[in-house]
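2 protein chains.
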Amino acid sequence: MTAASVAKRQDSKLQVTVAEAGRHISFSACGMPYWIGGNVEGDEEALVVLSAQEARDKRGLDVRLETRVTELDAENRTAILESPGAREEFQYDEVVLATGARPRVPFPVPRHGVFALRHLDDGVGLQRFLDQEKPRTACVVGGGFVGLEMAEAFVHRGMETRLVHDQQTLMHPVLEPELGERLNEVVQEAGVELVVGERVTRVSGGGKVKSVETAGESFDAEVVVLGRGAEPPTSLGAAVGVPTGPGGALVVDESMRTGIEGVWAVGDSVAVKHRVTGKPVFVPLALHANRMGRIAGQNLTGGDARFPGVLGTLVTKFRSTEVGATGLTEPAAQEAGFNPVAATIKSGSKAGYFPGSQPIEARVVADEDTGRVLGAQIVGGAGTAKRIDTMAAAIWMEATLDDVASFDLAYAPPFNPVWDPWAIAARMAKRG
Amino acid sequence: MTAASVAKRQDSKLQVTVAEAGRHISFSACGMPYWIGGNVEGDEEALVVLSAQEARDKRGLDVRLETRVTELDAENRTAILESPGAREEFQYDEVVLATGARPRVPFPVPRHGVFALRHLDDGVGLQRFLDQEKPRTACVVGGGFVGLEMAEAFVHRGMETRLVHDQQTLMHPVLEPELGERLNEVVQEAGVELVVGERVTRVSGGGKVKSVETAGESFDAEVVVLGRGAEPPTSLGAAVGVPTGPGGALVVDESMRTGIEGVWAVGDSVAVKHRVTGKPVFVPLALHANRMGRIAGQNLTGGDARFPGVLGTLVTKFRSTEVGATGLTEPAAQEAGFNPVAATIKSGSKAGYFPGSQPIEARVVADEDTGRVLGAQIVGGAGTAKRIDTMAAAIWMEATLDDVASFDLAYAPPFNPVWDPWAIAARMAKRG
Numbered sequence: 001m002t003a004a005s006v007a008k009r010q011d012s013k014l015q016v017t018v019a020e021a022g023r024h025i026s027f028s029a030c031g032m033p034y035w036i037g038g039n040v041e042g043d044e045e046a047l048v049v050l051s052a053q054e055a056r057d058k059r060g061l062d063v064r065l066e067t068r069v070t071e072l073d074a075e076n077r078t079a080i081l082e083s084p085g086a087r088e089e090f091q092y093d094e095v096v097l098a099t100g101a102r103p104r105v106p107f108p109v110p111r112h113g114v115f116a117l118r119h120l121d122d123g124v125g126l127q128r129f130l131d132q133e134k135p136r137t138a139c140v141v142g143g144g145f146v147g148l149e150m151a152e153a154f155v156h157r158g159m160e161t162r163l164v165h166d167q168q169t170l171m172h173p174v175l176e177p178e179l180g181e182r183l184n185e186v187v188q189e190a191g192v193e194l195v196v197g198e199r200v201t202r203v204s205g206g207g208k209v210k211s212v213e214t215a216g217e218s219f220d221a222e223v224v225v226l227g228r229g230a231e232p233p234t235s236l237g238a239a240v241g242v243p244t245g246p247g248g249a250l251v252v253d254e255s256m257r258t259g260i261e262g263v264w265a266v267g268d269s270v271a272v273k274h275r276v277t278g279k280p281v282f283v284p285l286a287l288h289a290n291r292m293g294r295i296a297g298q299n300l301t302g303g304d305a306r307f308p309g310v311l312g313t314l315v316t317k318f319r320s321t322e323v324g325a326t327g328l329t330e331p332a333a334q335e336a337g338f339n340p341v342a343a344t345i346k347s348g349s350k351a352g353y354f355p356g357s358q359p360i361e362a363r364v365v366a367d368e369d370t371g372r373v374l375g376a377q378i379v380g381g382a383g384t385a386k387r388i389d390t391m392a393a394a395i396w397m398e399a400t401l402d403d404v405a406s407f408d409l410a411y412a413p414p415f416n417p418v419w420d421p422w423a424i425a426a427r428m429a430k431r432g
Numbered sequence: 001m002t003a004a005s006v007a008k009r010q011d012s013k014l015q016v017t018v019a020e021a022g023r024h025i026s027f028s029a030c031g032m033p034y035w036i037g038g039n040v041e042g043d044e045e046a047l048v049v050l051s052a053q054e055a056r057d058k059r060g061l062d063v064r065l066e067t068r069v070t071e072l073d074a075e076n077r078t079a080i081l082e083s084p085g086a087r088e089e090f091q092y093d094e095v096v097l098a099t100g101a102r103p104r105v106p107f108p109v110p111r112h113g114v115f116a117l118r119h120l121d122d123g124v125g126l127q128r129f130l131d132q133e134k135p136r137t138a139c140v141v142g143g144g145f146v147g148l149e150m151a152e153a154f155v156h157r158g159m160e161t162r163l164v165h166d167q168q169t170l171m172h173p174v175l176e177p178e179l180g181e182r183l184n185e186v187v188q189e190a191g192v193e194l195v196v197g198e199r200v201t202r203v204s205g206g207g208k209v210k211s212v213e214t215a216g217e218s219f220d221a222e223v224v225v226l227g228r229g230a231e232p233p234t235s236l237g238a239a240v241g242v243p244t245g246p247g248g249a250l251v252v253d254e255s256m257r258t259g260i261e262g263v264w265a266v267g268d269s270v271a272v273k274h275r276v277t278g279k280p281v282f283v284p285l286a287l288h289a290n291r292m293g294r295i296a297g298q299n300l301t302g303g304d305a306r307f308p309g310v311l312g313t314l315v316t317k318f319r320s321t322e323v324g325a326t327g328l329t330e331p332a333a334q335e336a337g338f339n340p341v342a343a344t345i346k347s348g349s350k351a352g353y354f355p356g357s358q359p360i361e362a363r364v365v366a367d368e369d370t371g372r373v374l375g376a377q378i379v380g381g382a383g384t385a386k387r388i389d390t391m392a393a394a395i396w397m398e399a400t401l402d403d404v405a406s407f408d409l410a411y412a413p414p415f416n417p418v419w420d421p422w423a424i425a426a427r428m429a430k431r432g
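Chains as they are written, first to last, in the working numbering: chain P, 1 to 432; chain A, 1 to 432.
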């Protein structure tokens, strides 16, 4: 929708058609866990950013809901659009593939009671299931950010909640165990039964879910949410010869061109350049998807915008514990050929004597040879998450540990100790 | 104390004597308004970071309280130390001037009921005055951060509070009127009677304060706090020939040497290099003072540390409204010879649909010729202040508007809209 809107805004004579398989266009997928948990109130419309009708009326876009592109012919620039009861051969000049990512579902699952959040309708289905069936026991498969947020949502609804994660600490591998340990604790303190180091091999039941199984155990569950990461649906791209890269994502250049004449690709099904390694990565996150849309929209109307790459910055929270990460972890830095050095420090969110100061743990990863900062992670109380932006800016600008230790970061007793956690972590990492 | 502690830690054989005019060494001056307002509980010890006894016992420093250096002879490396009933000629090898800044008191004031916060004893005196005299009406002179914090403290104590500021908007000139206007509103909404554009010319009363006078008006007040900025007490430095610069502050090089043999200077009485203009500025803030102390402590024991300069980053709050600023304002950029362009945008602290999203106003100042970001300011609800660090890092690293607009900043619905306020402000400033 961003690509469509930007293109139309740049060139009002352009005829822009949007084929959307579901019933909603722009909505906040990231908001679904909070809506299901009841933090965000109202019906599903609360998460709708732009309705199809608004897109037609206000932006002049030909939006077609419940319409799927089933075939693409890049040579003849035609697409087959299928909707309930209709099939159209559509002639285009430029096509933008923006199919998003879908949750990984690595095994067959029962038809009822198992959910993976992608479309708004998935969230609506889960909400309805919870309201109607009133399950008492929930199992979340996967301890990444979707898993964490859904566990919070279930706990918030007063359900008996279990989270099964195939790593030892939550958010691993994007959050290293030094900080993930804290998450394990807060999740358990909230009453979640945390099962770590176990991979779910099967979700079983007849038509309706009954249990979640690992190699050695079986856990009862009346509702299951899969948070095992996302994968790109790339059959259309593959059909016209667009190459795929990490995670099976489509490979594009910095202008969002696929290399196939007239075919562009943007969003969660596309691999993008990591700023630190310079290599393509699959990081399906909202900001990048939006940014890619803008760039494609500008370029397919004659612009020359470039996608600047990503650091994989991400934030989430579990209740009042916030988490942020950006850049490379120490193992990822090692793998990318750096000579990493890292330090984890404990600090606080306010001056020590100030009421309400929350513990903060911050980790900085750098390249010992050059001093360049490669990554950072943080866990702490309210107000912690956006502190990761300081390091996202620093890493983007290729700051060294000396730079970070020297930064003129904000201090006042209600907001920080005199020495910012990042400055201390950088100094410690420098010492090695 | 930082210089003393670091020097001793580097060289345990060094004999380090600290002459402190007051009764306390390390304490949090920045915490005083919150202690007086009652946010920080306990007696004055709550603000003490390190007691003289601890410094002696744990750090091996010869700390002398209520001891003043009244004369300095750099040629013979002697200092006269005076304490109640004692006078000593002290022989030194190296002397570090760390006399701090004192509040500006630009007119004579009555002996009772007028306070300016510098030493912990000033805070203790004000606290005692409030507890014993139970004044109902307070007047704060000056609308900078000390003025704001003290107005909050008085309001928090339920007092009728007036704030007189000689500019049209609070925090001006470090915060431009576009954002200061919001502060004016929240301060008034809290019940503070705000008088702007009026300079206080006199604080009158016999022995005890009665009123605060401007050119045209007189305001009754039973207690007055002066927040008209700070000035460096530099008589010792001047006596031995240390040159002074902006604001009358002592001029040192990046190693904290004054140019006079054996004489170093650090802290709030010292001018430091601004990273953007490259010129010396007088920015008496805790972080810089601490950093200078570390550098002097390292260098006078044989190290070679350099002070990296400042951006003048500052944060404060009034109740739940937080303010941050870093780098140059538009007028300051103009004055420094840049060709400034600026934009102010309105955004929110969370996704629009997320409960509790607070409005944020962000301003970015850049050089039109090079695109380089020169300054940033932000005002908003809880969690806003530390967002300034993103721009402090960006400006430190000489980021351009394009860089900031491209940064991979953190997004999740509880923490941010998809597009970070800084990215939007940078994009708007770029458009001009």
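Possibly wrong hints are sitting among the right ones.
All copies of an identical chain are treated as equivalent in the list; a pair is satisfied when it fits inside any one copy or across any two copies.
Here are the computed lysine to any residue pairs in the SDA-like style, where the Cα-Cα straight-line distance is at most 25 Å [to be verified]:
#1 Lys-8 x Val-196
#2 Lys-210 x Gln-358
#3 Lys-346 x Arg-59
#4 Lys-273 x Thr-400
#5 Lys-346 x Ala-74
Keep in mind the hints are simulated off the structure, nothing from the lab.
* So which hints don't hold here, by number, going up? -> 1, 2 and 5
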